[in-house]
Amino acid sequence: MEFGLTESQEFLKDSARKFFAGECPSAEMRRLMETDTAYDPTLWSKLTDQGYTGIIFPETLGGVGLGKVELMLLMEEAGRALLPGPFFSTVVLAGTILDAVASLAHKNKYLAPICRGEVRATVAIVESNASWNPRDIHLSVANGKLTGEKLFVSDAAVADFIIVIARNGVFVADSKARGLKISPMRAMDLTRKLYAIEFNETPTEEIGSTANLARAFDIATAALAAELVGGMQRTLDISVEYAKTRKQFGKPIGMFQAVQHQCADMYLETESARSAVYYAGWALEENSPDAATAVSIAKMYASDAGRTVGNRGIQIHGGMGFTWENDIHLYYRRAKGSETAFGDATFHRERIASLVIDSGGVSAKSA
Amino acid sequence: MDLNLTKEELAFRDELRAWLANNLPKDWNEWREKPIEESFPYLRAWQRRLQDGRWAAVSWPKEYGGRGATLMEQAIFWEEMARVEAPPMANSLGLGLIGPTIIAYGTEAQKKRYIPKILSAEEIWCQGFSEPNAGSDLAGLQMEARLDGDHYVVNGQKVWTSYGWIGDWCELVVRTDAVVAKHKGLSVLLVDMKSPGVEVRPLRQMTGESEFNEIFFRDVRVPTENVLGKVNDGWNVAVSTLMYERGSYGARLHLIFKRAITRLIELSRSVQRNGRPAAQDPLIRQKLAQCSAEIEIMRFNQMRAFSRITATGVPGPEGSIQKIFWSELNQRLQQIAQELLGPYGQLLGGDPRAVDKGIWSYGYLRTRGNTIEAGTSEVQRNIIGHFVLGLPRSY
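Those protein sequences? They're chains A and B, same order as listed. When the letters of the first sequence are read in order and numbered with the working numbering, they come out as residues 100 to 466. When the letters of the second sequence are read in order and numbered with the working numbering, they come out as residues 297 to 691.
Since the hints were derived computationally from the structure, they do not count as laboratory data. Here the structure is a predicted model, which is why all the values come from computation and not from measurement. A few of these clues could be false.
Claimed, not checked - Part of the chain A face toward chain B, derived, beta carbon under 8 Å:
#1 Met-100
#2 Val-339
#3 His-360
#4 Tyr-377
#5 Gly-417
For every residue, glycine included, the Cβ atom is placed at its ideal position computed from N, Cα and C.
Based on the sequences and whatever the hints tell you, model everything.
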């Protein structure tokens, strides 16, 4: 049994970290967040050159064919850099759903261009009831036409097409299609913009059934948890750095246990979230029977820990943590968006409860 | 990353399973609730049986009677032992902590003298570390060892000594130089507990039991050949013992906690809450789910740590995460049990209405010790702060 990363996994993680540090440093991230869409075509073509837009998709579609653990590592590094723009929406979310539900013809039509970096996409899931439970999706397509509203859709303004999860199937709508109106929702996270989409007799193309969505949602959910881990690591790093250099009462504040122990707890929470995310990635890759539970464990823990690590980090920074110029609040904002997306901790605790209390439970793979 | 067991690990597990199928005593349940003084001969016999199969100290090198097991195999060993609810071994400190320290620091003569009898449970070992004025600040310990010819003369008091009441030998940390900085004047002595001047008293703890002892040393003479490691290098010897304390043994906690939460889930189906089973109460469901999830995360953390230690060769300060995680989780688990059981939760073993013979009232009290024993949570956070994150020492 080996829970460490392989050499090639370490290499991927390391090169992703260097890539994001070089191509999307804090100043660039801040420049993008001040734009309407947080999307930059130049950065996108560099992501494509790295193979990131096709990371887990088959080589026959122009992808790289790596596994779910590798996806977690890439998302962790993207989270550390607070990568702005539609990477999650396009690749992780839309790409994974296409991969899971679409026919080969539809994959060639929609997924291959994603791998090649030619298009952006997103997925419209939640409705006004704000529930991530598929049971609570009410919109349905009739005669190929869709009418109604979807909320909290990430990066819709730069999407070339929008995948719509409807009650009666998975559909694609062209973002320029008739009767489709995209309007921004002003939300906390400035680096991943949210939108409301109104459909009015909008023509759609069916690409698959909702039956195969669960696994795609699980992959996206775990990837989001991985991204949270990267943000937590960055928050921890800058907080520890600050605690070493900021002096009060003639000493670095990190010398005071009230501060040092906050740092220790941030470390514990970050590492624990990371363990849970890596395990979830592995369980998904192996199609392990406990994969769904593992994903909920990871998202549950990372959702809460992402917030508490942010709380602690801001507190350690004192007044500086409350300023606009310090990056820590940008991570905190993202953490809130990611906490609620695909179900917050309460949602996933209930899902775990239904798996371990109601149905007797599938335990983690054990020796 | 590959969480499947390797061929070697599977072979190790299967060999152990086969051995346990033939050798696990069937009557442990009749003994487990008796006072340890009564069951101790039983535990000695169990350890001897394990060692007959070369299973008592799997982590030890083969030349010393072990199997040279990898960390992952050690974890498998403890998981399997927990899975079959095997009795504990009589000499658990000797096997887990002190034996490995003697193998690492002892002279050939010391290894020959002590190691075989640790394995056979012929000689039980205890650990004399903490003192009334040196708990978390262990390096500040005061027990005096004055050189007198070819003996040290030892005076002072130790506390929180597990197995002190039955110990034949003690790994004792003493001050051999009172002038130099506090870490530098310590030595470790191997002390015969039958020496004149050694007095052992039970220390009654908040659960009402006496797992630990106080030991008083009055002019106890210890031959100089019983120094373990170098004189005045005792801090390093003692720290290496403490590192073993945070090793693979924790692997069994996953199953133990899992058994507890499974039982709580079972209880939640029969306990009523607002006119329906607690298993249907949203708040109870949230808490049970949180706890189940954290029990899994504890295991993921552990497996990651084992892989890291295997790669780097040494158990690092990251072990402190494990210690904080399991001890605080165990307290939360017991708190959930109390919430679930309501007034019944306080009933002690022996009360006819106590749930599960009082294990939950006992667990509630006993787990308060978890965040204190084997390094308090505060000390563990200091270790993470200073040794992992590189923050300046706070003390």
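Checked hints:
Look at Met-100/A: its Cβ gets to within about 5 Å of chain B, closer than 8 Å, so that hint holds up. The criterion of a C-beta within 8 Å of any C-beta in chain B is met by Val-339/A, whose closest approach is roughly 5 Å, and the hint holds. For His-360/A, the suggested interface contact is upheld, since its CB lies about 4 Å from the closest CB of chain B, less than 8 Å. Proximity of Tyr-377/A to chain B holds as hinted, the smallest CB-CB distance being about 7 Å (cut-off 8 Å).
Taking 8 Å as the C-beta cut-off, the interface hint given for Gly-417/A is violated, the closest approach to chain B being about 16 Å.
In terms of the numbered hints stated before, the structure departs from hint 5 and from no other.
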